[in-house]
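Student: Position 27, counted from 1, in the sequence shown is what my numbering calls 11; the numbers after and before it change by one each time, with no gaps.
Derived by calculation from the structure, the hints in this document are not laboratory data. Worth double-checking, as some hints may not be accurate.
[Unchecked claim] If you anchor each label on the Cβ, the simulated ranges turn out as follows:
id, residue 1, residue 2, range
1, Ala87, Arg60, 39 to 45 Å
2, Gln7, Glu71, 40 to 46 Å
3, Ala4, Glu56, 40 to 46 Å
4, Arg58, Lys(-13), 43 to 49 Å
5, Ala64, Ala27, 22 to 28 Å
6, Gln86, Ile(-8), 28 to 34 Å
Ideal placement from N, C-alpha and C gives every residue a C-beta, glycine not left out.
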Amino acid sequence: MPKERVTITVELNLLNHAKAAVQAGVCRSVSEWISQAMAEQLARDDRLVALDELIAEFEALHGPVTDEDIAEQRQRDLEAAEFWRQEGERKMAERQRLLAQQAE
């Protein structure tokens, strides 16, 4: 892909992070680090546009999403998260029990 040299001004702490990433071998250059960040931002922007389109389609079919709808979904999400947290703890306890049995 063609590249073009540009001059930019960035906050010093961001530049220091980019330089540290180069030193750590995360990327080959500060330019590469910045290019990756720009590509990630573009991908995020594209996902937000797609999400806006999906919400518009949903609302066209079902009406506007209300604060009550959001609160109800938030509660369902919290309940599901708690269920899966407990399920994970249960599985971990079972795994530890089996490992303890094997060690005996």
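Student: Take the hints in turn and mark each one as holding or not.
Tutor: Results for each hint:
1. Ala87 to Arg60: 39 to 45 Å: With Cβ atoms ~41 Å apart, the hint holds.
2. Gln7 to Glu71: 40 to 46 Å: Because 42 Å falls inside the window, the suggested range holds.
3. Ala4 to Glu56: 40 to 46 Å: Holds, since Ala4 and Glu56 (Cβ atoms, about 44 Å apart) stay within the stated range.
4. Arg58 to Lys(-13): 43 to 49 Å: At 44 Å between Cβs, range holds.
5. Ala64 to Ala27: 22 to 28 Å: 27 Å, holds
6. Gln86 to Ile(-8): 28 to 34 Å: 58 Å, violated
Figure legend: structure checked against the earlier numbered hints; the only hint not met is number 6.
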